[in-house]
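Start from the sequences and build out the full structure, keeping to the hints where you can.
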Amino acid sequence: MKRNTIVIGVTLLILATFAWAGWANWMYRKQAAEHALASASHAELIPSAPGDVPSGGASLTGKPAPDFTLEDLSGNKVSLSSYKGKPLLINFWATWCGPCKIETPWLVELQNEYGPKGLQIIGISTEGDDLKAGDKEGWAHDKAAIAKFVKQEHMQYPVLINGDSLATAYGGLDAMPTSVYVDKEGKVVAMQLGISSKDDMEAHIRKAMGEGQ
Amino acid sequence: MIAQKYISRIIVGSLIAVGSAAAFNQQDSLTNSPRQSVLKSQAVEYLYPEQVSVAAGKPTPVTLHFRIQQNLHINSHTPRAEYLIPTVFSIPDSSGVKLANATYPAGTDFTLPADPDQKLSVYTGDFTIQAKLVSNPGNHLVEAKLRYQACDQTQCLPPKTITVPIDVIGK
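Heads up: the protein sequence lines correspond to chains U and P, in order. Just so you know, the working numbering puts 16 at position 16 of the first sequence, and the rest follows in order with no gaps. Plus 1000 on top of the position in the second sequence (first one is 1) and you've got the working numbering.
Calculated from the structure, these hints are not laboratory results. Fair warning: there could be bad hints in the mix.
Stretch-level coverage of chain P by chain U, calculated; a stretch enters the list once three of its residues show a Cβ under 8 Å from a Cβ in chain U [to be verified]:
1) 1077–1088
2) 1109–1117
3) 1154–1162
Even glycine gets a Cβ: it sits at the ideal position worked out from N, Cα and C.
Structure (structure tokens):
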């Protein structure tokens, strides 16, 4: 009888522990939910530093710019090799990219200023939607958005499409904008991930042109 | 003697149950810890609920919780410029659950250092979307979608659509 009482007591103790574990688990989940709700109702902006978006690809600086052949908005094929002997700024951008929209007027001004001295800027739209070759509707949609952007921003330099196909060759192209500066010998002298300033772009252009080294 | 054996079985069974509960709690705390490897590759993470019970056939509000990777922002549902991609929640047809409507939080004002004059409407940190769901009777594993486009202060990631898995039980 005494042994049975002890066994029943132990059983009850274990069951009580089990109940406590369940209650503790429920409380933990409740607190986690309340914490998340509190965070949501007090959303605050977190200052970020340049380069927070993972850059992914390796820098091409010091290496020959990978050759490519892409189409422009009219369907003409344009190769990098056709600009042999010219300093270049290859600017990868996208229609949905705010920083690209900010720096495009700088590019237009820089082409006007340095074009007569030999610089050629090439814009390459990189929409990140990895369209298949046969997706006519998708390409038509992309082309219409790109053409609208080009017109609005008065982009007078060549604009090519399907930059996504160059992702592997150009270090990943994980984020836009990405600017690649190429000298007359076809070597990459600088690579800028993200927007910086017009002055920075001008300094890289001078370097590509062989000035101010 | 028989009673003792019976009680012994109860004790062993209880011990196994308590052990399982402890293991479950441990697993739960692991899944609620910061997911560094996921956050590195994914700008927005769906937090919870994993399962909801709703009255079948009746529009029922469900609050969905999301978290944006630190130092990134995504456009709100109503960005201020036409070319920016809005955040949109959707439920595919033939899920057994329909989205009657979705209520999004208001965006927070944000400016990029390169253009302090232009205000953007964005989400940062944790945010919620209130989805009004209408479920058929039964259990439905819904693969809802959230489309967004994320940036930091200098560059932008391509638009992305993530799956939002919710087990909806229509009673």
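Check whether three or more residues of the segment 1077–1088 of chain P sit with their beta carbon closer than 8 Å to a beta carbon of chain U. holds (count 4)
Chain U covers the segment 1154–1162 of chain P, three or more CB atoms within 8 Å, holds or violated: It holds: at least three residues are needed, and the segment 1154–1162 of chain P offers 6 whose Cβ sits within less than 8 Å of chain U.
Are 3 or more residues of the segment 1109–1117 of chain P near chain U, judged by a Cβ distance of less than 8 Å? Coverage by chain U holds here, the residue count being 4 at a Cβ distance below 8 Å.
In this structure, every one of the numbered hints holds.
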